[in-house]
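**Q** So the protein sequences, as listed, match chains E and W. Quick note: the first sequence uses the working numbering, first residue 88, plus one each step. Quick note: the second sequence uses the working numbering, first residue 192, plus one each step.
Check the hints yourself; a few may be wrong.
Unchecked claim - Cut-off 30 Å, straight-line C-alpha distance, at most; resulting in silico cross-link-like pairs (DSSO-like, lysine-lysine):
no. : chain 1 : residue 1 : chain 2 : residue 2
1   : E       : 264       : E       : 247
2   : W       : 278       : E       : 264
3   : W       : 278       : E       : 627
4   : W       : 320       : W       : 278
5   : E       : 442       : E       : 373
6   : W       : 371       : W       : 266
7   : E       : 627       : E       : 671
8   : E       : 373       : E       : 533
9   : W       : 266       : W       : 320
10  : W       : 278       : E       : 671
11  : W       : 371       : W       : 278
12  : W       : 371       : E       : 671
13  : W       : 320       : W       : 371
14  : E       : 264       : W       : 371
15  : E       : 373       : E       : 529
16  : E       : 627       : W       : 320
Stated by the list, open to error - Derived list of chain W stretches under chain E, where covered just means 3 residues or more per stretch with a C-beta under 8 Å from a C-beta of chain E:
no. : region
17  : 211 to 220
18  : 250 to 264
19  : 276 to 282
20  : 285 to 299
Since the hints were made in silico from the structure, they are not lab data. Glycine included, C-beta positions come from ideal geometry on N, C-alpha and C.
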Amino acid sequence: MITDLGYGALAITFFLTIYGVLAAIWGVRTRRPDWIDSARNAMLLTFPLLTLSCLSLIYLLVNGHYEVEYVASVTSTRMPLYLRITALWGGQAGSLLFWSWLMSAFASAVTLRNWQRDREFLPWVVVVSLVTLGFFLGLTLFVENPFDRLWLLPGGLAIKSFFAPEGAIPYFQSDGKGLNPLLRHPGMIIHPPMLYLGFVSFVIPFAFAIAALITNRTDDRWIQITRRWSLVAWLFLSLGLILGGRWAYDVLGWGGYWGWDPVEIAAFMPWLTGTAFLHSVMIQEKRGMLKHWNMILIILTYNLVIFGTFLTRSGVLSSVHAFAQSAIGPLFFIYIGASFVISLSLLLQRWQDLKSDLHMTSLLSREALFLLNNLLFLGILVICFWGVIFPLISEIITGQKVTVGPPFYERATAPLFAGLLLLMGIAPLAAWRHSTVQTLGKAVWKPTVVSLFVPLIGFLGGIRNWAALLGFWLAAFVACVTLYEYGRAVIARSRSRGESLPTAFWNLAGRNRRRYGGYIIHLGVVLMAIGIIGIELFQKETQGTLAQGEELSLGPYTMRFESLAVFDTADGRNVARAVVSIYKNGRFVGELYPRRDYYYESQQPMTIPGLRSTMEDDFYVLLVDWQPISSAGATFKVYQNPLVNWLWLGGFVFIIGTLVATWPESEKSPATVRARRRTPLAAKAS
Amino acid sequence: MEPGSQEQAIATNSTARLGWGRVLAWLAIIALLVILGAGLLRSQQGSVNVGQRIPDFPLTTFDGQTIHTADLRGKILVINFWASWCKPCEQEAADLEAAWRFYQARGDVVFLGVDYVDTEPEARAYLEKFEITYPNGPDLGTRISQAFRIRGVPETYIVDQDGILQFVQIGPFRSLSQIKSVIDPLLQP
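For reference, chain E alone in the conformation it holds in the complex:
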């Protein structure tokens, strides 16, 4: 019954998307606004309908309806309630439905805005959003249906199908397989929704861009409308990436946070173009330049989102993230092809209309530096893209699938990231239009001198790694510039308006949220850079098999293996848990409990590290193996990860900064009053 309800709502929504697309196009062709309004209503309705569908699936998951194949494959009776709910996105079929639901939330929300000033965009925004939504719904409905039931054929074979096959009887299982243990982690519960939100919300700016191309309204209007949408999309995507890193650090058990895995890169690529876009729209707004460029960036972002989803879900590339082999690959391929071709045709058709009359006047002006920043982002994108498709190219040309690993990405992108950091320091000091070596030099020299103390201290402290010294200098430089800019503006405001310094600070962040939010983001990046330099250049690792009471040393740490216990838990795990004492420079600092959980129902083990975390470093212990009978000996893998906590702190500051930048700016709305109360807190956190 509930299965039928969920499936029915899904099917109706799918046909509604087709209707909406046709009605919008018909309305434009016959110039009848009522058809366009009808299309808009269709789009509005997708959200409640898909909510119903999602709720139905959640009901089935929570109540253990194991006759539904999806429910049986991702839940089990022993799973707690919250995991059964989050199992909604724990498998291919459910996550496609969830993706569509989030997409419909954005599509519905966009219909509710005030369209009076830009009615000509409306039908095309509806068309682009609904085509995207319809595609995903089609996949859910016809290929990966989460409402498929299990049936037993007369021959004894169990198959999945929504409608009863001839002669088949329903197949009721008493229990399901349970969620993949790797996904039973708080980070993993929020990581996919955030990433999906980031993905789907980029559809809206793209829809407006395409609408602007089709209607040939190539002024800045589409950019003004979509500025906040892009920031929201970017916020979620950033959050998704950061949470993914944290999850990998806690769960995957290789002492890292980022492995340059194709799927990580697939999510990182739209982030790169999105970040470039957020910077370059400012140039179009202030100077009316780079119109082509912005169009290209947003088109790229959308297509990279689809491309990334295709890579993850089609089985084309191997990856820790890849879903099982799936039939959706060919359909995705067709959709990607169509999307590439249509976007490119539209762009080329309007190429001349997007021309700007203005030209760069100075190579040191802020717009020139922003452009350079964009080129660096695109450079990183090209490296990532090349790394991802290189195995496919090499397979075509030589017949051998050559995969490039992390060293390739690290070596190729590191100088570009360093360049970006440098620009992050210089660009905010450069003036729009015209900047010379003198003016820029005058602004830059003070922070430069101050920041040089950091690598100097590092050098005196014994760091001889030049890459690290350079990295620390760059981080310090950006931090100095940003704080200097902030400080200068606060003092100027305090003098001119007679406000106290804290009030001036408060009001300043509230006045120009995008600018000062942006600075907070930059500070977040600085903190993250410190963490990344720490773990990438100074990580130490060792491993050893210890008998009870034996010790293992790494850097300033000594670890003693105290004991090991193996026991079963009520939720269906077999746990092997070791107790180790940690000494730092000979002083006892605490006990850690690295363990290995074995999930009986899904027959999968999971390694949970013991972690002692400080701002200076993390001491990270993995239990690799043990002697089951005597519990006398156990093998441990041990990492010392210097400064890694700065990465997470930086991520936090980064998100706060994005929230500040995204928050609505109008003075009178109640939302702003609330935001104002929060902003100073946010700023202080940096």
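Let chain E serve as the given structure and place chain W on it in line with the hints.
**A** Relative to the frame of chain E, chain W by itself:
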């Protein structure tokens, strides 16, 4: 040159440039789609399936010894694809070696390590680091991995006494007991 014709020349020039740009943009898109399409086709073919006979191959180990899988009938064969640059491979390296040492004395289980797209010094260092003692050799020209259509490393193929593939592990094994749980049922009493 008159100002008018100069403007015209610039205009023609930029149109010509745009023309080439167009062609290049389309070529790039088509090339990308061809690449993705080919990758997709290949991925749809899938790998060697459980229940099928494995493609036999010779493996020249790092010690210079050549092993033919066809000569190993009657024994259980564990073929592990790995690489020194592969992080997940490190997770299972100790377990695989422990499993090898566990079965070695019986004589009817053979482990083979196939080193995929690697450089020899790094590969040797990896074998030394994890104290791996079962035979390992480079997959020259990626011929073996292509025959098995592996999707990445690590992947492990477990073959029974008749050369029939019985089990495929995509990604690393998680524990020694997991490896044993696959091999034990295949052992003949």
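**Q** Are the hints correct? Go through all of them and say.
**A** Going through the hints against the structure:
1. E/264 / E/247: holds (16 Å)
2. W/278 / E/264: Given pair residue 278 of chain W, residue 264 of chain E holds - Cα atoms ~28 Å apart, limit 30 Å.
3. W/278 / E/627: holds (15 Å)
4. W/320 / W/278: holds (14 Å)
5. E/442 / E/373: holds (16 Å)
6. W/371 / W/266: holds (15 Å)
7. E/627 / E/671: The hint holds at about 15 Å.
8. E/373 / E/533: With a Cα-Cα distance of about 28 Å, the restraint between residue 373 of chain E and residue 533 of chain E holds, given a limit of 30 Å.
9. W/266 / W/320: holds (28 Å)
10. W/278 / E/671: holds (28 Å)
11. W/371 / W/278: Status holds; Cα separation ~22 Å.
12. W/371 / E/671: Violated, at about 38 Å.
13. W/320 / W/371: With Cα atoms ~23 Å apart, residue 320 of chain W and residue 371 of chain W stay inside 30 Å; holds.
14. E/264 / W/371: holds (22 Å)
15. E/373 / E/529: holds (24 Å)
16. E/627 / W/320: holds (15 Å)
17. 211 to 220: With 4 residues close enough to chain E, the hint holds.
18. 250 to 264: violated (count 0)
19. 276 to 282: That given contact holds, which follows from 6 residues of the region 276 to 282 of chain W lying within Cβ reach (below 8 Å) of chain E.
20. 285 to 299: The restraint on the region 285 to 299 of chain W holds, since 3 of its residues have a Cβ under 8 Å from chain E and three suffice.
Of the numbered hints stated above, those contradicted by the structure are hints 12 and 18, listed in ascending order.
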